[in-house]
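Chemist: Sequences and hints are given; from them, build the entire structure.
Start counting at 1 in the sequence shown, then tack on 11, and there's your number in our numbering.
Derived by calculation from the structure, the hints in this document are not laboratory data. These figures come from a predicted structure and were not determined experimentally. The reader is advised that the hints may include incorrect statements.
Unchecked claim - Simulated restraints, written as ranges between beta carbons of each label pair:
1. T115 to Q53: 53 to 63 angstroms
2. R60 to Y109: 38 to 48 angstroms
3. L108 to Q53: 31 to 41 angstroms
4. Q98 to I55: 51 to 61 angstroms
5. I84 to Q22: 18 to 28 angstroms
6. L27 to T116: 52 to 62 angstroms
7. R60 to N39: 40 to 50 angstroms
8. S110 to I84: 38 to 48 angstroms
Here a beta-carbon is modelled for each residue, glycine too, at the ideal position from N, C-alpha and C.
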Amino acid sequence: MMTMIDQVANQNHLQLIKAMLPYLPPANQKNLCYCIKMMELQNISAFYRSHTCCAQSIEDSSSASPAEILSDIRNYCDESEQSIIDQLLQTLSMLELYSAMSKTTSDTMIFQNSFPENSASENRTFHDVSSESC
Numbered sequence: 012m013m014t015m016i017d018q019v020a021n022q023n024h025l026q027l028i029k030a031m032l033p034y035l036p037p038a039n040q041k042n043l044c045y046c047i048k049m050m051e052l053q054n055i056s057a058f059y060r061s062h063t064c065c066a067q068s069i070e071d072s073s074s075a076s077p078a079e080i081l082s083d084i085r086n087y088c089d090e091s092e093q094s095i096i097d098q099l100l101q102t103l104s105m106l107e108l109y110s111a112m113s114k115t116t117s118d119t120m121i122f123q124n125s126f127p128e129n130s131a132s133e134n135r136t137f138h139d140v141s142s143e144s145c
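Modeler: In structure tokens, the structure reads:
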């Protein structure tokens, strides 16, 4: 799986040329590797010159959550690294749940504290008076 930048860099069939490298003499492999890397840099440079929207996409991606970033990175990891990222994602999920529960508890306490404690006794008195009149 290639990232977006890898797709941009490896235009012009550079992946095919890379696949041929092991079949070339060692001296030619070295020179061709340098040539391929230069072509990749040229492709990236040309892409960023012609695509002004990239700055916008960087700003948009800054609002990505840590979980989204970890999930994207996970695709490029080996199994042991994926396991670590999975643990991090579970931890983030638990923290989000804890935060939501804390907020709910806090909101409930604010609601309860917004009414005087004697309002419960006032309600009982009203109920007692209204039941006596019936």
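Chemist: Which of the numbered hints above does this structure break?
Modeler: 3, 4, 7 and 8
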